[in-house]
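> So you can see what is in the structure, the chains are spelled out below.
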Amino acid sequence: MTTTTMVGANRGGASSIHREITYPHARAKVWRALTEPALIEKWLMTPEGFAPVVGTKFILRAKGPQRGWRGFVECEVLEVTPERSLAYSWIGDPAQPPLVLRLTLHEAGAGTRLVLDHDGFAGISGWLLARLIMGPGWGKMLRQPLADVLGAMD
Amino acid sequence: MMSPMPALPATESAFGAIASGTRRKLLDALVERDMNVSDLVAIARVSQPAVSQHLKVLKEAGLVGERREGRFRVYRLEAKPLAEVMSWVRTYERFWSDRLAALGRVLDDMKEKEP
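Line order of the protein sequences matches chains C and Z. The opening position of the first sequence corresponds to residue 0 in numbering that gives the first Met the number 0, with each subsequent residue numbered one higher. The opening position of the second sequence corresponds to residue 0 in numbering that gives the first Met the number 0, with each subsequent residue numbered one higher.
One or more of the hints may lead you astray.
As the list claims (entries may be wrong) - In the EDC-like style, the derived pairs of lysine to aspartate or glutamate whose C-alpha atoms are separated by at most 16 angstroms in a straight line are: (1) C/Lys41 - Z/Asp108; (2) Z/Lys79 - Z/Asp107; (3) Z/Lys110 - Z/Asp97; (4) Z/Lys58 - Z/Asp27; (5) Z/Lys55 - Z/Glu77; (6) C/Lys56 - C/Glu75; (7) C/Lys28 - C/Glu82; (8) C/Lys41 - Z/Asp97; (9) C/Lys62 - C/Glu47; (10) Z/Lys79 - Z/Asp97; (11) C/Lys28 - Z/Asp107; (12) C/Lys41 - Z/Asp107; (13) C/Lys28 - C/Glu106; (14) C/Lys56 - C/Glu73; (15) C/Lys28 - Z/Asp108; (16) Z/Lys58 - Z/Asp97; (17) C/Lys62 - C/Glu40; (18) C/Lys62 - Z/Asp97; (19) Z/Lys110 - C/Glu35; (20) Z/Lys24 - Z/Asp38; (21) Z/Lys55 - Z/Glu65.
If you are wondering where the hints come from, they were derived from the structure by calculation, not from laboratory data.
Whenever a hint applies, use it, and build me the whole structure from the sequences.
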């Protein structure tokens, strides 16, 4: 049985998605799940051409039909420190600048804390996100329009 | 199952409007309340023609709207592009919550490897 904790949906001010989760498993084991294709497929997407070697280009392909999305992500390994950190670029939409996914592992008692940062929301997106997350005024202003947008999506 | 990951809203292209620090200042001011040009000139500390030019760019980008009130034009922030970015981010956040939970299940099922 896994016990997990999620903290910090967003780091204040960072133009990124930030998640931390602690697994009751050793770092070496978590690293295998992040880097062995047969295991990556079980929790993320199906990797094609992945190897934990800097410069490796690969694809993450979603299973089944995808709505509103082309169904695969183009990636390139940017950083590998065995059992410590893995980073790769992330292009889900060729019209957008690449995002960067960074996964780092930290000892947490007998378990492992996985820190996930999805960065690179460049330019206006990054700026807007920082404002959305930081500023009380922006949050207040957005509440109703956001509800409208979400309501219109169904 | 897999969450969809829609592209960032098309508004992104229009968002080059934000390259200017003065325009960011104007937007930040309009978050607080709707304002006319004189209010904005006082805040941005640039000339009125400059403010008008920046407002034009922001209007074309869909970030600012205007209405007439007597002799004045009053400017307001248009929230929809921001709300779209926000909902896109939330989609990604849901995606990662789901994936990390799935990773936990994979780890629980994995056999420990002998060294």
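> Give a verdict on every hint.
A quick look at each hint next to the structure:
Taking the CA atoms of C/Lys41 and Z/Asp108, the gap is near 11 angstroms; set against the 16 angstroms cutoff, the hint holds. The straight-line distance between the Cα atoms of Z/Lys79 and Z/Asp107 is roughly 42 angstroms, outside the 16 angstroms bound, and the hint therefore fails. A threshold of 16 angstroms between alpha carbons decides the hint, and for Z/Lys110 with Z/Asp97 the separation of about 22 angstroms lies outside it, so the pair is violated. Under the criterion of a C-alpha separation no larger than 16 angstroms, the hint pairing Z/Lys58 with Z/Asp27 is consistent with the structure, at around 15 angstroms.
Between Z/Lys55 and Z/Glu77 the alpha-carbon distance is near 14 angstroms, which keeps this suggested pair within the 16 angstroms criterion. Taken as a hint, the C/Lys56 and C/Glu75 pair is honoured in the structure, with Cα atoms around 4 angstroms apart against an allowance of 16 angstroms. Taking the CA atoms of C/Lys28 and C/Glu82, the gap is about 9 angstroms. The hint holds against a cut of 16 angstroms. Straight-line distance between C-alpha atoms of C/Lys41 and Z/Asp97 comes to about 12 angstroms, which keeps the hinted pair within the 16 angstroms bound.
For a cut-off of 16 angstroms, the pair hint linking C/Lys62 to C/Glu47 stands: about 13 angstroms separates their Cα positions. As the CA atoms of Z/Lys79 and Z/Asp97 are separated by approximately 27 angstroms, the hinted pair breaks the 16 angstroms bound. The straight-line distance between the Cα atoms of C/Lys28 and Z/Asp107 is roughly 10 angstroms, inside the 16 angstroms bound, and the hint therefore holds. The hinted pair formed by C/Lys41 and Z/Asp107 meets the criterion: a straight-line CA distance of about 12 angstroms does not exceed 16 angstroms.
Under the criterion of a C-alpha separation no larger than 16 angstroms, the hint pairing C/Lys28 with C/Glu106 is consistent with the structure, at around 12 angstroms. Taking the CA atoms of C/Lys56 and C/Glu73, the gap is about 8 angstroms. The hint holds against a cut of 16 angstroms. For the proposed pair C/Lys28 and Z/Asp108, the alpha carbon gap of about 11 angstroms is at most 16 angstroms, so the pair holds. At most 16 angstroms may separate the alpha-carbon atoms for a hinted pair to count; Z/Lys58 and Z/Asp97 exceed this at roughly 38 angstroms.
Simply put, C/Lys62 and C/Glu40 have alpha-carbon atoms about 10 angstroms apart, close enough for the 16 angstroms limit, and the pair holds. Of the supplied pair hints, the one linking C/Lys62 and Z/Asp97 holds, its CA atoms being roughly 15 angstroms apart against a limit of 16 angstroms. For a cut-off of 16 angstroms, the pair hint linking Z/Lys110 to C/Glu35 stands: about 14 angstroms separates their Cα positions. For the hint pairing Z/Lys24 with Z/Asp38, the CA-to-CA distance comes to about 12 angstroms; that is within 16 angstroms, so the pair holds.
Restraint check for Z/Lys55 and Z/Glu65: the C-alpha separation of about 10 angstroms stays at or below 16 angstroms, so the hint holds.
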